[in-house]
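The task is simple: from the sequences and hints, build the whole structure.
With numbering that gives the first Met the number 0, the residue at position 10 of the sequence shown is 9, and numbering never jumps.
Hints in this document: simulated from the structure, not taken from any laboratory. It is possible that part of the hints are untrue.
With beta-carbon atoms standing in for the labels, derived distance ranges [unchecked claim]:
#, residue 1, residue 2, range
1, Ala273, Phe143, 20 to 26 angstroms
2, Gly235, Gly188, 23 to 29 angstroms
3, Ser209, Arg20, 33 to 39 angstroms
4, Leu197, Glu262, 40 to 46 angstroms
5, Ala42, Phe288, 32 to 38 angstroms
6, Ala162, Gln45, 28 to 34 angstroms
7, Ala42, Gln248, 32 to 38 angstroms
8, Val238, Arg72, 45 to 51 angstroms
9, Ser290, Phe176, 30 to 36 angstroms
10, Arg205, Ala60, 53 to 59 angstroms
Backbone N, C-alpha and C define an ideal beta-carbon position, used for all residues, glycine too.
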Amino acid sequence: MSTRPTPSLPDVADDAAFAARPLDWVGMEGISLPLRLPGEGGAVLQVPASVDVAVDLRAAAARGIHMSRLYLRLQDAFSGEALTPAGLRRVLQDLVESQRGLSGAARLAIRYQQLLPRPALASGHVGWKTYPVELEATLADGHFRLEFGFSVHYSSTCPASAALSRQLNAERFVADFANARPLSTAVVGEWLASERGLAGTPHAQRSRASVRVELAPSFDEFPLAGLVDAIEAALGTPVQTAVKREDEQAFARLNAENLMFCEDAARRIAAVLAADERIARFDVRVAHFESLHAHDAVARVSG
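Below is the structure:
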């Protein structure tokens with residue numbers, strides 16, 4: 000029985016390019032991949048991720064890159080180990096080498112959701128909060144650059160509104176006790192705990208800090224959890240997970256202790272990031288989704 004030779008398949012990517020010129024980036028966006036992340040105590044967590052991959056096309060006369068090689072190599076790239084900066088660099092180098100001289104640079108953008116446990120303020124309960132993360136890693140002519148971004152939600156109580164509310168409370172107190180002599184602490188305490196003791200309340204709103212940092216090349220870890228902890232501590236009023244009445248009261252106290260405009264929030268976060276030696280550069284955008292008016296209050300800072 001004779002065996003027919005397998006015909007070679009045509010590859011039009013080898014054809015000469017029309018209007019030949021180099022291209023900055025060529026690749027694919029929105030590739031679905033499982034991603035392994037380092038967890039607490041050496042555990043490894045697997046999460047779904049969306050990945051963009053690209054290489055440059057330096058050979059001006061080449062019609063296209065070997066795109067299928069990028070896809071196939073990505074399928075195996077993150078399956079065997081947890082994500083690290085060193086691992087990302089190896090993946091990028093492999094992507095460049097897969098093009099066999101057509102490219103000298105590679106880029107990855109990876110988006111996923113990071114779950115972190117958050118303890119309640121007073122009750123002892125624990126809940127989970129999701130933090131959206133985007134990594135961007137680039138290797139160009141041997142130079143590796145790694146950035147990642149994430150966002151933190153928090154409550155912001157307006158200092159101006161708080162001052163105006165205090166004035167209303169003081170005016171009502173004077174009106175209600177103008178002729179009361181003598182005044183006992185018990186009577187005042189009862190009045191403060193009543194509805195009459197709250198003539199005005201300051202407005203507060205859910206707010207978001209969007210943070211993007213470039214990591215210094217000497218550190219081989221993603222310090223996401225540590226940065227989230229430090230930023231939430233600096234703001235003082237992160238959005239909660241598990242909430243009982245004692246937690247809600249503690250949250251109200253923290254809001255009173257951390258009155259802030261968007262400018263205040265931006266400066267608090269900048270101070271945290273500027274003091275972290277793992278960070279080469281940062282950009283922060285805070286947005287307070289106002290309850291007083293229909294437009295948002297926004298501040299940006301970099302360093």
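Structure-based check of all given hints:
no.	hint	verdict
1	Ala273 to Phe143: 20 to 26 angstroms	holds (23 angstroms)
2	Gly235 to Gly188: 23 to 29 angstroms	holds (27 angstroms)
3	Ser209 to Arg20: 33 to 39 angstroms	holds (36 angstroms)
4	Leu197 to Glu262: 40 to 46 angstroms	violated (28 angstroms)
5	Ala42 to Phe288: 32 to 38 angstroms	holds (35 angstroms)
6	Ala162 to Gln45: 28 to 34 angstroms	violated (50 angstroms)
7	Ala42 to Gln248: 32 to 38 angstroms	holds (35 angstroms)
8	Val238 to Arg72: 45 to 51 angstroms	violated (39 angstroms)
9	Ser290 to Phe176: 30 to 36 angstroms	holds (31 angstroms)
10	Arg205 to Ala60: 53 to 59 angstroms	holds (54 angstroms)
In summary, the structure is inconsistent with hints 4, 6 and 8 from the numbered list given earlier, while agreeing with the others.
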